[in-house]
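J.: As a plain string of letters, each chain reads:
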Amino acid sequence: MTEHDPIHQLLRLKRHEQPSPDFVEDFLKTFHQRQRAELLQNSARGLLWERITTYFDDLMNPKWGWAAASVVAVSLLAFSMKPASGGKADYVNNSASPDAFEVKGVVVSPDQSPNANERYLISRHNVGGLSDPNEAQGKALPASFHLSDDTGMTH
Amino acid sequence: MSDRIPNIDQDQNLVERSQDGDTRAFDELVRKYTPKLYGLVYNMTGNREDTADLLQDIFAKAYRSLKRFQGKSTFYTWIYSISVNMTLNFLKKRGRYTKLSMDDVDSGIQNDPDFIKLTSGDSPLRDVNIHELQKRLNESMMKLSEDHRTVVTLYDVQGLQHSEISKILGVSEGTVRSRLFYAHRQLQTYLEDFIK
Numbered sequence: 001m002t003e004h005d006p007i008h009q010l011l012r013l014k015r016h017e018q019p020s021p022d023f024v025e026d027f028l029k030t031f032h033q034r035q036r037a038e039l040l041q042n043s044a045r046g047l048l049w050e051r052i053t054t055y056f057d058d059l060m061n062p063k064w065g066w067a068a069a070s071v072v073a074v075s076l077l078a079f080s081m082k083p084a085s086g087g088k089a090d091y092v093n094n095s096a097s098p099d100a101f102e103v104k105g106v107v108v109s110p111d112q113s114p115n116a117n118e119r120y121l122i123s124r125h126n127v128g129g130l131s132d133p134n135e136a137q138g139k140a141l142p143a144s145f146h147l148s149d150d151t152g153m154t155h
Numbered sequence: 001m002s003d004r005i006p007n008i009d010q011d012q013n014l015v016e017r018s019q020d021g022d023t024r025a026f027d028e029l030v031r032k033y034t035p036k037l038y039g040l041v042y043n044m045t046g047n048r049e050d051t052a053d054l055l056q057d058i059f060a061k062a063y064r065s066l067k068r069f070q071g072k073s074t075f076y077t078w079i080y081s082i083s084v085n086m087t088l089n090f091l092k093k094r095g096r097y098t099k100l101s102m103d104d105v106d107s108g109i110q111n112d113p114d115f116i117k118l119t120s121g122d123s124p125l126r127d128v129n130i131h132e133l134q135k136r137l138n139e140s141m142m143k144l145s146e147d148h149r150t151v152v153t154l155y156d157v158q159g160l161q162h163s164e165i166s167k168i169l170g171v172s173e174g175t176v177r178s179r180l181f182y183a184h185r186q187l188q189t190y191l192e193d194f195i196k
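Residue numbers (the working numbering), protein chains in the order written: chain U, 1 to 155; chain Y, 1 to 196.
These are computed hints drawn from the structure, not numbers from a lab. Watch out, some of these pointers could steer you wrong.
Unchecked claim - The following label-pair restraints were derived from C-beta to C-beta distances:
hint : chain 1 : residue 1 : chain 2 : residue 2 : range
1    : U       : 26        : Y       : 163       : 26 to 36 angstroms
2    : Y       : 136       : U       : 26        : 48 to 58 angstroms
3    : Y       : 8         : U       : 30        : 42 to 52 angstroms
4    : Y       : 61        : U       : 47        : 36 to 46 angstroms
5    : U       : 22        : Y       : 139       : 27 to 37 angstroms
Small disclaimer: the values here were computed from a predicted structure and weren't measured. Heads up, the beta-carbon is just placed ideally off N, CA and C, and yes, glycines get one too.
Given the sequences, and given the hints that come with them, work out the whole structure.
T.: Structure representation (structure tokens):
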């Protein structure tokens with residue numbers, strides 16, 4: 001593997017393979033163009049990044065922090081002031097007992113359901129007719145009404 | 001061989017100026033190293049179009065990495081290492097497909113003492129066409145493994161010393177010598193009709 005090695009001498013001839021004389025200047029021109037393109041690409045990326053960071057910086061601005069904290073505080077306050085249970089349960093709880101449930105002035109109108117008249121007539125039939133003077137006058141009856149005749153008997 | 005080693009002080013100055021943002025200083029480095037690195041990449045790839053593209057990538061990478069270059073090695077070793085690594089990566093991606101596209105042999109070969117010696121007297125090369133010789137040399141080079149081709153290019157074609165090659169490749173000098181020995185033995189077989 002000396003300088004006089006024929007293989008070495010042959011291979012050394014390869015150094016005469018050269019690109020065209022203006023290769024270096026053309027290469028440098030292409031290199032500059034490529035650098036400019038990369039710079040523009042990086043600028044576009046940088047601009048996008050800058051916009052994103054600015055957006056998040058604004059989002060982290062103290063005024064937005066205070067606003068968010070205020071919203072949370074108001075929500076918590078409203079929630080704590082709200083009654084502990086819902087309306088329906090209240091209604092049930094307020095009664096002493098479901099058995100003592102009292103209805104005052106609830107009007108049963110014969111027009112309330114399609115079968116109301118029919119059911120009413122049947123019930124009247126079972127208790128002895130339609131002699132109730134209230135009924136004859138077309139007055140509405142309380143839901144818990146008592147049907148009584150002149151003798152005072154309750155039916 | 002020492003004439004092939006660039007002026008280190010001048011390089012250092014150009015590198016420092018480039019690191020400070022002087023693009024003209026980097027242009028000088030590109031001008032200075034393009035012919036040398038062209039020879040390296042061209043002889044490793046065997047294709048001039050690939051060589052031009054790869055050189056663009058090499059200098060672009062060098063430019064991006066220049067801020068991190070601390071001068072622990074010379075710029076010359078550093079840029080050669082980048083070139084070898086990027087070319088080897090390229091060759092791995094390219095696989096076995098190789099389309100040879102050769103550069104013209106300059107007229108200087110006619111006056112080259114090696115060429116005169118090889119083609120004189122009763123040498124088997126006496127009647128060999130230069131282009132035929134070039135084609136055979138390139139084909140033989142491409143038959144070598146990538147590692148062997150690299151050391152042959154750096155040592156035989158570019159004229160670097162074993163110690164320089166070992167620094168560039170990050171292997172021992174012994175490994176460089178061993179690779180060269182096996183590469184030459186292989187080339188002797190491929191080119192035996194030229195060196196009888």
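J.: Hint by hint, say whether it matches the structure.
T.: Right, here's what the structure says about each hint:
A C-beta distance of roughly 35 angstroms is found between residue 26/U and residue 163/Y, which places it inside the suggested range of 26 to 36 angstroms. Evaluation of the 48 to 58 angstroms hint for residue 136/Y and residue 26/U yields a failure: the beta carbon distance comes to about 30 angstroms. For residue 8/Y paired with residue 30/U, a C-beta distance near 28 angstroms fails the hint of 42 to 52 angstroms. Between residue 61/Y and residue 47/U, the C-beta spacing of about 24 angstroms breaks the proposed range 36 to 46 angstroms.
Checked against the hint of 27 to 37 angstroms, the pair residue 22/U and residue 139/Y passes, with Cβ atoms roughly 28 angstroms apart.
The structure is inconsistent with the numbered hints 2, 3, 4, although it conforms to all the rest.
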